[in-house]
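Visitor: Using the sequences and the accompanying hints, generate a full structural model.
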Amino acid sequence: MITPITRRTFMRAGAANFVGVTIANSLTSPLWAEPLVTYPGIQLYTIDKELKADVDGTLKTIHTIGYNEVEGAGFAGLSAKQFRVALDNAGLKCNSTHFFNFGDGNPSVIFDQANTLGVRYVVSSFLGKFGNGTGGRGRSRRIQGDGGVLQPTGHVRKEDWPSACLSQPQY
1 MITPITRRTF MRAGAANFVG VTIANSLTSP LWAEPLVTYP GIQLYTIDKE
51 LKADVDGTLK TIHTIGYNEV EGAGFAGLSA KQFRVALDNA GLKCNSTHFF
101 NFGDGNPSVI FDQANTLGVR YVVSSFLGKF GNGTGGRGRS RRIQGDGGVL
151 QPTGHVRKED WPSACLSQPQ Y
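Counting from 1, position 116 in the sequence shown corresponds to residue 116 in UniProt numbering; the numbering is continuous, with no gaps.
It is possible that part of the hints are untrue.
Stated by the list, open to error - Here are the computed lysine-lysine pairs in the DSSO-like style, where the Cα-Cα straight-line distance is at most 30 Å:
{"no.": "1", "residue 1": "K49", "residue 2": "K60"}
{"no.": "2", "residue 1": "K81", "residue 2": "K60"}
{"no.": "3", "residue 1": "K81", "residue 2": "K52"}
{"no.": "4", "residue 1": "K93", "residue 2": "K60"}
{"no.": "5", "residue 1": "K81", "residue 2": "K93"}
{"no.": "6", "residue 1": "K49", "residue 2": "K93"}
{"no.": "7", "residue 1": "K49", "residue 2": "K81"}
{"no.": "8", "residue 1": "K93", "residue 2": "K52"}
Hints listed in this document are in silico derivations from the structure and should not be mistaken for laboratory results.
Guide: Right, dumping it as structure tokens:
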């Protein structure tokens with residue numbers, strides 16, 4: 001048998017449900033995060049041969065296919081400034097790049113090139129040498145510990161911007 005319900009009870013229950021749903025919605029909306037990647041991108045390392053043969057044409061083809069962002073891996077024989085112009089002409093943005101000579105000499109040169117490209121992340125699979133130090137685990141701990149190039153979090157000092165990342169570390 002169905003239990004009868006008064007209009008007043010029905011209105012109270014409806015109002016309580018409305019308030020509950022409204023509060024729950026307002027509490028969960030801050031949980032939605034912004035996406036880390038805004039557009040699909042491509043690593044230029046995968047088309048290195050084509051890029052070195054025709055920088056402008058290859059970059060324009062990448063944009064035509066539908067890519068808006070790339071991850072660099074060298075400058076295809078150009079300077080950082082020339083490569084940035086080629087990216088701009090093709091309508092591409094470079095958020096991160098790999099530097100294979102990351103530890104060879106003064107790292108500020110690399111960060112200057114990264115800033116010229118407009119990248120946010122500098123990636124290397126090894127630390128290599130800085131000055132007279134040797135690469136490897138001991139040197140990376142020294143670099144991180146002495147507040148030199150990398151902080152303990154693995155990021156470049158704030159004044160050097162962009163962030164430095166290690167990919168595929170061997171230690």
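Visitor: Next, verify each hint and record whether it holds.
Guide: For each hint, the structure was consulted:
1. K49 with K60: Within the cut-off at roughly 15 Å; holds.
2. K81 with K60: holds, 18 Å
3. K81 with K52: holds, 16 Å
4. K93 with K60: holds, 12 Å
5. K81 with K93: Since the Cα atoms of K81 and K93 sit roughly 14 Å apart, the hinted pair holds (cutoff 30 Å).
6. K49 with K93: holds, 20 Å
7. K49 with K81: Holds, because 21 Å separates the two Cα atoms, which is no more than 30 Å.
8. K93 with K52: The hint holds at about 18 Å.
Of the numbered hints given earlier, the model fails none.
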